[in-house]
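Protein chains in written order, with the UniProt record's numbering: chain A, 1 to 417; chain B, 1 to 348.
Misleading hints may appear alongside valid ones.
As the list claims (entries may be wrong) - Capping the alpha-carbon separation at 20 Å, the derived lysine to any residue pairs in SDA-like fashion look like this:
| hint | chain 1 | residue 1 | chain 2 | residue 2 |
| --- | --- | --- | --- | --- |
| 1 | A | 216 | B | 130 |
| 2 | A | 112 | B | 22 |
| 3 | A | 216 | B | 252 |
| 4 | A | 216 | B | 251 |
| 5 | A | 179 | A | 237 |
| 6 | A | 136 | B | 156 |
| 7 | A | 216 | B | 123 |
| 8 | A | 112 | B | 25 |
| 9 | A | 130 | B | 22 |
| 10 | A | 136 | B | 157 |
| 11 | A | 130 | B | 156 |
| 12 | A | 89 | B | 298 |
| 13 | A | 302 | A | 402 |
| 14 | A | 130 | B | 74 |
| 15 | A | 353 | A | 374 |
| 16 | A | 216 | B | 126 |
| 17 | A | 202 | A | 181 |
| 18 | A | 112 | B | 298 |
| 19 | A | 130 | B | 143 |
| 20 | A | 130 | B | 148 |
| 21 | A | 136 | B | 169 |
| 22 | A | 130 | B | 169 |
| 23 | A | 216 | B | 132 |
| 24 | A | 136 | A | 107 |
| 25 | A | 216 | B | 131 |
| 26 | A | 112 | B | 296 |
| 27 | A | 60 | B | 252 |
| 28 | A | 216 | B | 133 |
Bear in mind the hints are in silico, worked out from the structure with no lab data behind them. Note that this is a predicted model, so its numbers are computed, not measured.
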Amino acid sequence: MKRLLAMTVALVLPLSLAACGTKGGAETNTGSADGVQTGVGVTDSQITLGVMADLSGPFKSLSTAITHGNELWVKDLNASGGVCGRQVKLEIVDHGYKAETAKTLYPQLEPKVLGFVQLTGSPIMAALGKDIETDKVTTTPASWSSELLGNPYVMIVGTTYDVEMIDGLSYLQKQGLLKDGDAVGHIYVDGEYGANGLRGSKYYAEQHNLKLSEVKITSTDTDLTNVVTGLKGKGVKAILLTTTPKQTGSAAAASKALGLNVPILGNNPSFDPALLQSPAASALNKLYIVASSVPYSADIPKAKEIAQKYQAAGYKEPPNAGVPYGYAVAEVWGSVLRKACDNKDLTRDGIHKAMQQTTSADTEGLVAALNFGSPGAPATRQVYVAQPDASVPGGTKYVQQLFEADQAKTYKAPHEQ
Amino acid sequence: MSRLAWIPVGIVLLLLPLYLEAPWLKAGQYMMIGAVGAIGLTLLTGQAGQLSLAHGFFLLVGATSYTVLAGPKGDHLGLGLDPLISLVGAVAISALAGMAFAPVAGRVRGIYLGVASLSLVFLGLYLGQAAESLTGGTSTGRDPATFKLFGFPFSNEGDLVVAGVPIRGTERIWYLFLALLALAYWLARGAVRTRIGRAWRAVRDNEAAAAAMGVDVRRTKASVFAVSSAYAGLAGVMTVLWFDILKPDESEYGTYGVNTSIAFLAMVIIGGLGSVGGAVIGALVVFGLPQVLTLYSTDLGWFTGSVTPVLVSSFVYGAAIVLVVLFEPGGLAAVGPRVKHRIRELRS
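Put together the whole structure using the sequences plus the hints.
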């Protein structure tokens with residue numbers, strides 16, 4: 001009896017499954033009423049863009065701010081009639097900085113979107129890199145490593161860490177804070193971020209005979225006193241940081257306490273305005289920050305406008321530099337979409353082609369002018385140099401407006417052709 | 001479960017790729033990775049009573065070994081071996097790595113062994129970053145070779161259509177993982193039911209008594225570490241095939257980090273210490289829940305704002321551990337027999 005029952009179940013279950021019908025095949029590109037070729041993520045009335053954000057993990061505050069920046073732009077764009085006669089919609093998912101979650105979410109999201117406006121997290125970018133290339137989805141990672149540019153579908157808005165370092169070192173030298181043959185120390189966190197910053201300082205050191213001491217740390221180290229002491233012993237004339245903001249605070253404090261008194265040069269992510277409220281605040285006067293995008297309360301009309309809109313939108317999270325950056329990225333996407341619309345091709349291939357034709361994306365000063373025309377090369381090599389200043393809103397003041405060093409012009413990024 | 005009951009389960013699992021879309025298959029594959037690793041840990045911790053937090057490290061050993069053995073010669077060290085041989089080799093290397101830990105395992109026990117094994121995770125973190133020619137380094141990582149079985153690639157290459165469904169990379173990997181899981185399960189059940197398993201349990205319950213009965217305690221401990229590491233190594237190979245990249249962790253929390261070791265321990269506890277079937281169920285809860293919850297919630301638009309599925313699922317599996325320890329120390333594996341027993345009682 002029991003055996004018979006089991007046999008019946010064994011036969012009926014698969015059969016009932018078979019009766020449901022199997023899954024269908026893939027969809028193909030089609031033309032639409034207005035003569036524009038469309039494909040995945042695009043209908044006659046809507047363009048869907050994807051956001052893979054970290055809304056619950058370690059980069060929650062930055063990624064949430066970028067997402068809000070993206071949303072503000074979509075609101076503005078749709079209010080002004082959209083693009084190509086279509087409204088833009090964002091599909092936002094949270095992966096919590098977990099590569100395994102992102103890897104499963106990707107096949108769910110990918111068939112719905114034309115491209116990714118945001119993809120946060122270097123482990124996530126690494127896990128999805130191949131998929132993005134296979135599916136030809138143009139993607140903007142919230143990471144600025146030039147190593148990523150080996151993937152033709154990656155669109156980095158802003159300059160890369162290596163170029164930031166080169167520009168920054170050139171600035172120090174122009175100011176007379178550094179000369180050829182000096183010893184410098186570079187503290188960097190292991191990983192995509194640190195390795196890319198180091199690439200830049202190595203290049204500059206070769207050109208100018210700097211004696212470069214490299215110190216590799218991990219992202220969880222908090223006390224850099226011993227590292228800075230070691231660099232003092234080597235007689236460094238400047239300290240370079242490709243680190244987390246906390247580590248920047250520790251290095252600056254240690255440098256001051258040891259009486260080292262040399263300039264400290266940091267990549268964009270190495271500074272956070274919160275440092276000005278930390279015990280290290282008084283030691284930050286020697287810190288120079290290099291970045292290609294503006295801080296939240298930058299003194300330019302567009303940034304002020306976005307700050308106003310952010311307040312008006314009633315978001316609970318305190319804003320940071322992610323907001324104008326997120327807006328700027330979306331704005332660049334807007335230029336690409338318009339270009340693709342002019343080409344009458346809103347397919348993924350069309351977007352990729354439009355991106356390569358976008359040689360002067362303008363974000364009204366939020367980010368330096370961008371040129372995506374040469375594959376593998378950073379879209380800009382221009383940076384601002386800023387110094388921490390608690391007296392101004394946003395915590396930094398510019399000491400150097402957008403510029404590009406000669407050494408940065410000649411520098412060849414790892415995947416540049 | 002009676003042997004016959006496996007037939008429908010097997011048929012359903014074989015047919016699923018024809019019905020499920022890619023994200024669900026991806027999630028299912030991830031659960032299978034967890035199941036293979038958890039079976040290994042339940043043998044070590046449940047059957048032989050050796051607490052280990054080193055599972056993440058052995059995952060990394062297996063992942064790296066496969067990538068190096070099967071990898072092409074190029075920027076990184078690669079031997080260019082056949083992927084199947086590389087898979088077997090990676091499992092063997094992981095077993096040897098586990099055996100190398102035996103001198104430590106033979107000397108300390110309980111929580112001390114747990115802490116000692118934890119050091120391996122940190123060793124793995126350092127080696128993963130330092131040995132760039134093997135792992136590719138944290139900056140870029142390294143692409144693993146596509147798995148091939150006698151020339152048949154487990155990728156999107158070539159056209160294969162079954163019942164109108166194109167069998168592409170995701171579907172093929174499903175069948176590969178299913179076969180590996182079935183093999184892992186069958187071998188573990190075999191070991192538990194025979195002399196080997198009895199020796200493990202004897203060592204767990206009383207080392208002196210085990211020795212008196214003729215069980216070589218040190219050898220048994222070394223061998224169970226080797227077996228468990230081999231399972232973890234296989235899970236590691238599956239991990240690189242699933243991710244399509246080998247990328248060592250940038251901090252101690254990551255694919256091969258402390259959090260992974262603890263997740264495996266959670267699977268084993270939720271499933272019921274020592275139960276092979278329980279380990280599989282534990283993997284469904286711990287590795288499956290976050291994935292399924294995330295997929296469902298984005299489909300249905302649940303959880304908006306700061307309460308995200310990733311957050312909810314970590315609460316759920318935390319709660320599951322507490323509930324299991326409080327109310328059913330035998331784990332989920334003990335729930336079935338208990339229900340059966342209750343039904344029989346009611347009948348009589």
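Next on the checklist: For each hint given before, does the structure comply? Return the numbers of the non-compliant ones in rising order.
Outcome noted: none
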